[in-house]
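Undergrad: Chains as they are written, first to last, in our numbering: chain A, 278 to 409; chain B, 278 to 409; chain C, 278 to 409; chain D, 278 to 409.
These are computed hints drawn from the structure, not numbers from a lab. All figures in this text were calculated on a predicted structure; none of them were measured in a lab. Be a bit skeptical, because a hint or two may be false.
Since the list gives no way to pick one copy over another, a pair counts as held whenever it fits inside one copy or between any two copies.
What the hints assert, rightly or not - Keeping only pairs whose Cα atoms sit at most 25 Å apart, straight-line, the calculated DSS-like set for lysine-lysine is: (1) Lys-405 / Lys-286; (2) Lys-345 / Lys-376; (3) Lys-405 / Lys-287; (4) Lys-291 / Lys-405; (5) Lys-287 / Lys-376; (6) Lys-376 / Lys-349.
Number of protein chains: 4
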Amino acid sequence: MRDVEEIAKKYFDKSVTDRERAIFEGAITLGALYHQFTGTPVSRDPRVIQALEDAMERSMALQPYREKVEVKIDAQVIGRSKRHPYDYETLRGSMVDAKVQTRYGRTRAILRMRHVPELRYTLMYIEKVEEI
Amino acid sequence: MRDVEEIAKKYFDKSVTDRERAIFEGAITLGALYHQFTGTPVSRDPRVIQALEDAMERSMALQPYREKVEVKIDAQVIGRSKRHPYDYETLRGSMVDAKVQTRYGRTRAILRMRHVPELRYTLMYIEKVEEI
Amino acid sequence: MRDVEEIAKKYFDKSVTDRERAIFEGAITLGALYHQFTGTPVSRDPRVIQALEDAMERSMALQPYREKVEVKIDAQVIGRSKRHPYDYETLRGSMVDAKVQTRYGRTRAILRMRHVPELRYTLMYIEKVEEI
Amino acid sequence: MRDVEEIAKKYFDKSVTDRERAIFEGAITLGALYHQFTGTPVSRDPRVIQALEDAMERSMALQPYREKVEVKIDAQVIGRSKRHPYDYETLRGSMVDAKVQTRYGRTRAILRMRHVPELRYTLMYIEKVEEI
Chain A
278 MRDVEEIAKK
288 YFDKSVTDRE
298 RAIFEGAITL
308 GALYHQFTGT
318 PVSRDPRVIQ
328 ALEDAMERSM
338 ALQPYREKVE
348 VKIDAQVIGR
358 SKRHPYDYET
368 LRGSMVDAKV
378 QTRYGRTRAI
388 LRMRHVPELR
398 YTLMYIEKVE
408 EI
Chain B
278 MRDVEEIAKK
288 YFDKSVTDRE
298 RAIFEGAITL
308 GALYHQFTGT
318 PVSRDPRVIQ
328 ALEDAMERSM
338 ALQPYREKVE
348 VKIDAQVIGR
358 SKRHPYDYET
368 LRGSMVDAKV
378 QTRYGRTRAI
388 LRMRHVPELR
398 YTLMYIEKVE
408 EI
Chain C
278 MRDVEEIAKK
288 YFDKSVTDRE
298 RAIFEGAITL
308 GALYHQFTGT
318 PVSRDPRVIQ
328 ALEDAMERSM
338 ALQPYREKVE
348 VKIDAQVIGR
358 SKRHPYDYET
368 LRGSMVDAKV
378 QTRYGRTRAI
388 LRMRHVPELR
398 YTLMYIEKVE
408 EI
Chain D
278 MRDVEEIAKK
288 YFDKSVTDRE
298 RAIFEGAITL
308 GALYHQFTGT
318 PVSRDPRVIQ
328 ALEDAMERSM
338 ALQPYREKVE
348 VKIDAQVIGR
358 SKRHPYDYET
368 LRGSMVDAKV
378 QTRYGRTRAI
388 LRMRHVPELR
398 YTLMYIEKVE
408 EI
């Protein structure tokens with residue numbers, strides 16, 4: 278429904294461009310992904326990793342103006358499991374490489390979150406913004 | 278490794294029985310499930326629901342002494358989607374029916390979380406404890 | 278350290294403006310706030326509400342380029358407590374009014390999250406962007 | 278209201294003792310604490326730490342049959358902050374020492390979560406169960 282979008286738009290500063298809006302929407306998803314799923318138990322088992330990636334991608338793609346959400350969890354940084362009952366890890370931002378693609382009007386934005394070794398930090402950044 | 282289990286056991290009160298331990302371990306998972314996943318975007322789309330159920334089951338089954346974790350998300354209580362960009366919901370405890378089966382020594386415990394209409398509350402309870 | 282900021286900046290699309298960056302950083306915090314704290318037990322007790330507001334404000338203000346984070350939890354929409362052990366609620370987005378102020382270069386952005394009755398939705402929006 | 282407690286009790290296995298119930302209720306809180314708050318930004322600033330400890334204690338004390346919840350976040354394991362915008366950490370289980378005291382009928386249980394160096398694991402355990 279067009280109407281709902283028009284109502285929502287009234288709340289935004291009038292100076293906001295389509296580029297800014299596309300960036301805004303995707304950045305919310307990066308913050309959401311990190312803070313919703315950090316702490317979830319995880320192991321190297323490919324079925325566990327696949328299930329988590331799918332849940333992260335499909336749930337976050339429901340948010341408005343998201344075209345695509347891609348999540349890769351790096352199994353290499355997870356220790357080998359499961360030799361004893363306490364042998365598993367919990368999801369940290371540094372294990373996750375996420376790409377969120379949004380579209381608003383004629384702008385497409387690609388936002389990214391991944392561990393940057395030279396910063397020792399899980400950086401969220403604006404990878405690309407383009408007119409389409 | 279047997280050793281790790283022995284080290285962990287030293288920290289527990291000596292009077293704790295196998296029954297109590299099986300209940301303890303499963304109850305942690307109920308608290309974890311609720312507080313890890315509440316707030317995740319969700320819709321009636323069966324692929325979204327399946328992905329979330331899988332992630333909840335497989336991640337939580339990694340915790341110690343869990344034999345099985347079963348999660349059902351009730352699509353009926355989720356509104357019909359997706360007529361406009363803001364038309365989706367976020368996961369609430371009342372949408373979830375979860376069963377956690379633990380085993381410790383000779384005891385098996387089945388712990389449950391589900392919405393109880395007569396209480397208007399998402400109740401966590403001990404459904405069954407048995408010797409095996 | 279200026280250096281770290283320069284390294285981080287390399288990862289961003291070269292076309293990104295200070296305005297866009299200020300919006301980006303604040304939007305992350307909105308997503309983070311919602312998905313980190315939704316589901317936390319809450320009651321009308323002013324000490325509980327104050328503690329949650331403080332934790333949300335102070336933790337989120339640590340993220341980069343945030344100048345101020347203000348959180349109000351609406352006690353009015355929380356039922357009267359605590360007549361029996363199951364009588365409390367858990368935090369929903371609709372209870373929260375949050376304002377995130379960021380600054381990047383010469384731009385200040387004010388981002389907002391609050392329940393919008395006419396949308397029946399907890400809307401996140403860009404309230405104001407200004408040069409300073 | 279006594280009534281609500283009686284209704285809730287019907288759902289529990291009839292063989293469950295007061296000891297088991299006290300343990301069950303506290304274990305839920307340990308799982309909840311870990312999975313609700315892991316990932317929250319944190320620094321060595323005592324006001325940040327205090328705010329988080331208060332929020333964790335007061336929100337979790339609302340759950341049924343909890344008498345007391347005590348949370349200590351270990352500032353020593355958090356790096357010195359805040360030399361640049363990316364210089365902060367996020368809460369990990371290993372930073373937290375939590376004690377949950379529950380009472381059900383004539384039993385009091387003290388449940389604990391803390392990092393155990395010899396296990397390299399944030400162990401949740403039953404510290405003490407006593408009749409009162």
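Undergrad: Of all the hints numbered above, which does this structure not satisfy? Sort the numbers upward.
TA: none
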